[in-house]
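Protein chains in written order, with the working numbering: chain X, 1 to 340; chain F, 341 to 680; chain D, 681 to 1003.
Hints listed in this document are in silico derivations from the structure and should not be mistaken for laboratory results.
Each residue gets a CB set at the ideal place from its N, CA and C atoms; glycine is no exception.
There could be a bad hint or two in this list.
[Unchecked claim] Among the chain F residues that face chain X by a calculated CB cut under 8 Å, a handful are:
1. Ala396
2. Thr539
3. Leu541
4. Gly597
[As the list claims (entries may be wrong)] When the alpha-carbon atoms are kept at most 30 Å apart in a straight line, the in silico DSS-like pairs for lysine-lysine are as follows:
5. X/Lys326 - X/Lys287
6. X/Lys236 - D/Lys833
7. D/Lys833 - X/Lys49
8. D/Lys833 - X/Lys254
9. X/Lys254 - X/Lys236
10. X/Lys152 - X/Lys236
11. X/Lys29 - X/Lys49
12. X/Lys236 - X/Lys49
13. X/Lys326 - X/Lys142
14. X/Lys142 - X/Lys287
15. X/Lys152 - X/Lys142
16. F/Lys668 - X/Lys29
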Amino acid sequence: MSRVTRVLACAGLALSVGSTAVLAADDSKFALVPGGPHPYFSAWEQAGKDAARDFGLAAADYKVPQKWELSQQNQLLESLLSQGYNGFLIFPGDSVGTGSTAAELVANGAPVIAGAGCLQDPSDAAFCLGTDTGNSAYLGTKQLIGALGDSKRIVHFTGFLVDPNTQLRIDAVQRAADEAGAQVVQVIADIDAPEPAEEKINAYLAAHAGEVDGIITTAWVPAVVAANALRKIGDKRIKMVGIDHDEVVLQAIKDGFVTGTMLQNPYGQAYIGAFALDKLRSGCTVKQDAPLMANALTAKFIDSGTAFVGADGVDNYVDAMRAATKALFDTFEATYLTCQ
Amino acid sequence: MALPDSPASPATRQAKRPMARYFLTNEFGLAALIVLFAVLFGVTAQGFLSPFNLFALGRTASINIMIGLAMMVVIVTGGLNLALGAIGVCAAIFCGFLIQDAGLAWPLAIVLALALGAALGSINGWITVRSGLHSFIITLATMSIFFGAMIFLTRAQSYRGLPPELTSFGRIKIVEIVSPLLVVTVVVALLLAYLYRLTALGREMLAAGAKAEAAELSGVRVGRVFIICHMLSGAIAAVAALMLTARNGAAIPSMAGQLGQDWLLPAFLAPVLGGTLLTGGRVSVLGTCLGAFLVTMLTSGLLLMQIGEFWIQSFLGLLLLAAVLIDKSRRMLLDRSKLS
Amino acid sequence: MSPGLSRIVRTDWFGPFVIALAAIAIVAAFNPSFLSPLNIQVLLLAISINALIAFSQMSIIAIGQMNLSVGAIGGLVAISFAGMMEVWGFPAPVAATLALALGLVCGLLNGLVIAWTGISAFIITLASLSLYKGINLGITQAQPFYGVLDAVKAFGQTNVLGPIPWLAVPTAIVALLLWYMFNRLPVGRFILAVGGNQHAAELSGISVGFTVTVAHAISGLLAGLAGILLVARLQIGQPTIGDDWLILSFAAPVIGGAVLAGGHVSIPATLLGVVIVAIITQALVLFNIDPYLVQVVLGFLILGAVGLNRFREARLERPAGRI
């Protein structure tokens, strides 16, 4: 059955390519693989479809490992390579552990781009296209501190301890706080799942709400839970900066319980990632003097954009993301790639 | 966890010969299934017989088999080891620490890591024997303790500074399709088979597992034997984790999931499919290997055929259910034919 | 039975009760805000749901088995509940009833297969854990259902009286019903009898198969109820609900003194076990204790509790001549 749909899809693609004629129909078959199921990546699916249509790819399929587990992702990647996929945009299940699989994919002739999260150097990924998690946490904390009054006591809710990004975030929040003379009262980690988040965040706020002026969250689930908790207490004294664009967080911003959120750009990552994979496969290389940035993991980092959205911008945050994607896309080839 | 009375008593009364025949049938059945599915996937799944897929399949299977063996050696005692994932990860992280931070030579680090695995395993064994409680609850607790302590001590850090001798071990290919990891697994399996068939200690393990009190009366030091079984389990779990480390090119705290729980399903699937009795006293090394291989192959084949990646786990659950039901009915048939 | 104080001391809930009181006193002494109404409400929320999870496992421990699929059933029921509201637009009571029925069926299936085949519950529930969790993932594609009705959300967020949340009401009713069942109804006695000594129970005319099936059905129902309450509390049908219930589901009954071999459980003691776990989890947060250490503490707690139970058992049994 899947084969039938694939044939149909190919036929559809051939038609659309015939009409748009951006590129000759090629055998580029890309896979966009997140580390596991997470609402953050749902934009990748549409972005892949759009990219396949716009650039005449045979496919740019969104393939999700069924669990957040490195070995599941590795097995999926191996399987996709065997199925004939020849380019990969990967959110590393582990910034270190996905490296060897990426090396294997590249050794088999399939270019790899790290998307949304980076592989730790040295790696065989062409580059990393994503949000600088440390920088995002730093900027978010700055925004939060700006919204606070004289008393600057911050609590930080963040994700899984086994995720190396978590440590980067903790450090970045600490750095931003130190610079502004704020105090990080407590870091509560390992709560990127709804149940522990619910339990620990509520427990903390119940006991310490009076001793805290601001909340910074640097993971999706804690942001949602903390936004709900503030709404429940009805406390607008405590300021909060969240992360990502969950409906709950956005609504809380509108209602004034949350100051703002740090947006990321998942759509742009997948769309531009698929474009770049196609270029890399057709012989382009990353420019020697490309203005790649360095972050805590890699020196081959390209920022897909991160933006603070407050109450004023919350209604058209999608436009903000689109604009960021377009700006990056328009100059991408000229800035980062050398093509013969 | 009591099995029904009917099969247990005649089985112990009768000598080993009909049991051997029964094992033969079980392993033959598994082998037949493996051949059947291999043909099926070879015909229908695109890329199943490609050299890379066969290589990847063997590599994944070798680790799954090792995990199954680690559980099998404890099931022999009628107990189980829920902490094997946690022990494995502790050992692998310890190995990474010794090489990267302590600067030890890698062979020495591996030996020490195996020793740590054995030590943690023997802690399980010691507590189980001394308290007289079922190993289920003991290893449930130690799983939490070992993993938590490891995360606490390392701050969830990954170790990537491993020597190329170790990391390339996971990637090199012997004659195109055989991973050296598979060789390690075969060697360990042969050693275990030798242990159970030809050594006094192995026979004592089986005797103590079948009927602890009877074994005690006939001079077996049951407590000591049980501790050795748990020690062996810890050591084999450490081997599995080190193999996974070689495959990933890094020692990662998340490689067996939270608390090492992700290893539990493969750990039980393999021995149970392979015909090892949960009540203890009987073991099939070959069956465990074949069981793990079958599971790995089915997963790989289903991934390749793109039949709903998300349904694979349901399928494995049904497989386990079917396996125990078939096993049960076969044993009933066997009993009936013996009676007549 | 000796009268008076020694009888109270000997009851199964006395030890956990003293520990819980001591824990509350210690935590409150260091941090007075521990006893604030808001904090009590938060504690009760955690206790309400965790108690159902613990009761679900306790019903199976009572027959001397274990149920690994508690979390998987809870998760499947949770996403069905949220999914029926979002996708089919069912009103909340209908969705809840159907979802609970699903939990009952899941447990019933466990029980029937175990009773019919006589294969160990461990293996059957490991298989069904995988099966139910897989169905959950297959339906949701691991994405949450957001369409939880406002009435349900309100139920999960409001209080019935003072600091007592609505969510505590179903749990309290369940606790009373369970107590009544185990102490007054024949089926409760059957369950404990089968757990205590299966052969003896069978000889005295109890249908073991029926009893095992009933226990598993109850377990499934309670796990399902916990899943539904959790949806109300989290306001979202998360596919990951139930993933981390396993350790907790054993920890609370064991801390409450349940004998894993079966035949002896206590509702108040299990409830106190849940209370102790909740207090300790919260205390770790209150006192800024390294989050990395929570797991270690929980593990030692289980070990300590089983060790203590073992010790107590040995002392009580000494007259009977056991070691």
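Right, here's what the structure says about each hint:
1. Ala396: 4 Å, holds
2. Thr539: 33 Å, violated
3. Leu541: With Cβ-Cβ at 33 Å, over 8 Å, it is violated.
4. Gly597: 5 Å, holds
5. X/Lys326 - X/Lys287: At roughly 21 Å apart (the allowed maximum being 30 Å), X/Lys287 and X/Lys326 satisfy the hint.
6. X/Lys236 - D/Lys833: At roughly 21 Å apart (the allowed maximum being 30 Å), D/Lys833 and X/Lys236 satisfy the hint.
7. D/Lys833 - X/Lys49: 35 Å, violated
8. D/Lys833 - X/Lys254: 19 Å, holds
9. X/Lys254 - X/Lys236: 13 Å, holds
10. X/Lys152 - X/Lys236: 15 Å, holds
11. X/Lys29 - X/Lys49: 12 Å, holds
12. X/Lys236 - X/Lys49: 42 Å, violated
13. X/Lys326 - X/Lys142: With a Cα-Cα distance of about 27 Å, the restraint between X/Lys326 and X/Lys142 holds, given a limit of 30 Å.
14. X/Lys142 - X/Lys287: The given pair, whose Cα atoms are some 34 Å apart, is violated under the 30 Å limit.
15. X/Lys152 - X/Lys142: The hint holds at about 11 Å.
16. F/Lys668 - X/Lys29: 46 Å, violated
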